[in-house]
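Start from the sequences and build out the full structure, keeping to the hints where you can.
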Amino acid sequence: MKATVYVTIKQNVLDPQGTAVQGALHSLGFSEVGKVRIGKYLEVELDTNDRAEAETRVKAMCEKLFANTVVEDYRFELEG
Amino acid sequence: MKFAVLVFPGSNCDIDCYKAVEDTIGQSVDYVWHTATDLSAYDAILVPGGFSYGDYLRCGAIAQFAAVMNEVKKAAEAGKYILGICNGFQILTEAGLLPGALIRNNGLKFVCQQEQLEVVNNKTAFTNQYSQGEMINIPIAHGEGNYYCDDATLAELKSNNQIVFRYAGDTNPNGSVENIAGISNKAGNVVGMMPHPERAIDQLLGSEDGKRMFTSILNAWREQHGAAVNG
Numbered sequence: 001m002k003a004t005v006y007v008t009i010k011q012n013v014l015d016p017q018g019t020a021v022q023g024a025l026h027s028l029g030f031s032e033v034g035k036v037r038i039g040k041y042l043e044v045e046l047d048t049n050d051r052a053e054a055e056t057r058v059k060a061m062c063e064k065l066f067a068n069t070v071v072e073d074y075r076f077e078l079e080g
Numbered sequence: 001m002k003f004a005v006l007v008f009p010g011s012n013c014d015i016d017c018y019k020a021v022e023d024t025i026g027q028s029v030d031y032v033w034h035t036a037t038d039l040s041a042y043d044a045i046l047v048p049g050g051f052s053y054g055d056y057l058r059c060g061a062i063a064q065f066a067a068v069m070n071e072v073k074k075a076a077e078a079g080k081y082i083l084g085i086c087n088g089f090q091i092l093t094e095a096g097l098l099p100g101a102l103i104r105n106n107g108l109k110f111v112c113q114q115e116q117l118e119v120v121n122n123k124t125a126f127t128n129q130y131s132q133g134e135m136i137n138i139p140i141a142h143g144e145g146n147y148y149c150d151d152a153t154l155a156e157l158k159s160n161n162q163i164v165f166r167y168a169g170d171t172n173p174n175g176s177v178e179n180i181a182g183i184s185n186k187a188g189n190v191v192g193m194m195p196h197p198e199r200a201i202d203q204l205l206g207s208e209d210g211k212r213m214f215t216s217i218l219n220a221w222r223e224q225h226g227a228a229v230n231g
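Protein chains in written order, with the numbering used here: chain R, 1 to 80; chain E, 1 to 231.
No wet-lab data here; the hints were simulated from the structure. This one's a predicted model, so the numbers in the text were calculated from it and none came from an experiment. Check before you lean on any hint, since a few could be wrong.
Unchecked claim - Keeping only pairs whose Cα atoms sit at most 25 Å apart, straight-line, the calculated DSS-like set for lysine-lysine is:
id: 1; chain 1: R; residue 1: K64; chain 2: E; residue 2: K73
id: 2; chain 1: E; residue 1: K158; chain 2: E; residue 2: K109
id: 3; chain 1: E; residue 1: K19; chain 2: E; residue 2: K211
id: 4; chain 1: E; residue 1: K158; chain 2: R; residue 2: K10
id: 5; chain 1: R; residue 1: K59; chain 2: R; residue 2: K10
id: 6; chain 1: R; residue 1: K35; chain 2: E; residue 2: K109
id: 7; chain 1: R; residue 1: K35; chain 2: R; residue 2: K10
id: 8; chain 1: E; residue 1: K186; chain 2: E; residue 2: K74
id: 9; chain 1: R; residue 1: K35; chain 2: R; residue 2: K2
id: 10; chain 1: E; residue 1: K2; chain 2: E; residue 2: K74
id: 11; chain 1: E; residue 1: K73; chain 2: E; residue 2: K2
id: 12; chain 1: R; residue 1: K2; chain 2: R; residue 2: K64
id: 13; chain 1: E; residue 1: K123; chain 2: E; residue 2: K211
id: 14; chain 1: E; residue 1: K109; chain 2: R; residue 2: K10
id: 15; chain 1: R; residue 1: K59; chain 2: R; residue 2: K2
id: 16; chain 1: R; residue 1: K64; chain 2: E; residue 2: K186
id: 17; chain 1: E; residue 1: K73; chain 2: E; residue 2: K109
id: 18; chain 1: R; residue 1: K59; chain 2: R; residue 2: K40
id: 19; chain 1: E; residue 1: K186; chain 2: E; residue 2: K73
id: 20; chain 1: R; residue 1: K64; chain 2: E; residue 2: K74
id: 21; chain 1: E; residue 1: K109; chain 2: R; residue 2: K40
Here's what the structure looks like:
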């Protein structure tokens with residue numbers, strides 16, 4: 001089974017990289033661009049076929065390591 | 001008094017911390033590798049700056065699970081003095097020993113320069129040799145030193161007098177909430193700060209204002225142990 005994990009900076013926390021990219025897009029003429037947020041994308045291979053178990057385990061991985069929940073949110077998808 | 005300087009793969013201020021202890025207060029000091037499982041011999045633990053584990057994932061994210069960190073948690077509960085500097089501060093927040101988090105500087109650049117700091121709390125074991133509100137000159141060197149915490153945590157930091165240092169006036173170099181440069185835990189025995197006192201122990205280095213952090217720790221330890229107090 002494979003987990004795809006997305007870690008993003010919380011909405012109420014400033015994302016200076018996103019702001020810089022937004023500015024760059026504006027100066028390139030992409031004036032329709034609103035807010036840009038930059039996050040992390042992780043692909044995690046799991047040695048299990050038990051979806052419920054994988055769900056619990058990946059959630060624990062997110063809470064413990066993948067995200068710092070003081071400043072980041074996470075979500076994930078399971079496939080396979 | 002015995003000091004430990006923790007060393008993780010990627011630490012790069014460990015030697016500075018070690019020399020600072022030797023040069024400022026002449027106390028016993030050891031390097032302790034991240035795999036160590038016993039810190040009971042030490043009275044103070046310095047968590048140095050650098051790029052532990054290459055800052056992979058987040059600064060301090062992987063270091064927080066090093067074997068030695070269990071011992072650091074025990075030492076914190078036992079009331080021993082723990083000082084995290086720069087990456088050490090990041091590791092202590094990741095480990096949950098200090099509240100909040102350190103995120104990317106708001107200017108996106110790595111900032112390496114002298115900073116004026118205000119001593120906001122001189123009642124800690126780390127700052128008792130400074131006067132309240134004193135302005136001191138200590139360098140910073142970081143790309144992720146932007147201290148963030150939510151409003152509830154900030155209110156708690158203030159009401160418990162946990163803000164130890166602030167960047168002076170309008171000099172905030174990284175976007176930190178309320179110009180915060182260093183904080184303590186509730187009990188006051190764990191302090192984390194982005195500026196580097198160990199790089200400010202001699203005028204030849206541009207400032208010796210960091211020296212008194214080390215004399216403060218020794219002073220606090222001597223007071224606690226009923227020994228002669230260091231003037």
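Sort out whether K109/E lies within 25 Å of K158/E, counting only the CA atoms. Since the Cα atoms of K158/E and K109/E sit roughly 29 Å apart, the hinted pair is violated (cutoff 25 Å).
Has the given pair, K158/E with K10/R, been kept, meaning a C-alpha gap of at most 25 Å? Since the Cα atoms of K158/E and K10/R sit roughly 23 Å apart, the hinted pair holds (cutoff 25 Å).
For the pair supplied as a hint, K35/R and K109/E, confirm whether the alpha-carbon distance does not exceed 25 Å. holds (21 Å)
Does K2/R lie within 25 Å of K35/R when you go C-alpha to C-alpha? violated (30 Å)
Taking 25 Å as the top limit, are the C-alpha atoms of K73/E and K109/E close enough? Violated. K73/E to K109/E sits at ~32 Å, over the 25 Å cutoff.
Given the hint that K73/E pairs with K2/E, does the C-alpha gap stay at or below 25 Å? Holds, at about 18 Å.
Measure nothing beyond the straight line between the CA atoms of K59/R and K10/R; if it is 25 Å or shorter, mark the hint as holding. Judged against 25 Å, a Cα distance of about 17 Å means the pair holds.
Compare the distance between the alpha carbons of K59/R and K40/R with 25 Å, and conclude whether the hinted pair is satisfied. Holds, at roughly 16 Å.
Take the C-alpha atoms of K109/E and K10/R, compute the straight-line distance between them, and say whether it is at most 25 Å. holds (21 Å)
Satisfaction of hint between K73/E and K186/E, Cα-Cα up to 25 Å: Holds - the C-alpha atoms of K73/E and K186/E are around 14 Å apart, at most 25 Å.
Within 25 Å, alpha carbon to alpha carbon, are K2/E and K74/E? Within the cut-off at roughly 17 Å; holds.
Satisfaction of hint between K186/E and K64/R, Cα-Cα up to 25 Å: Roughly 23 Å between the alpha carbons, so the hint for K64/R and K186/E holds.
This entry does not satisfy hints 2, 9, 17, going by the numbered hints stated previously.
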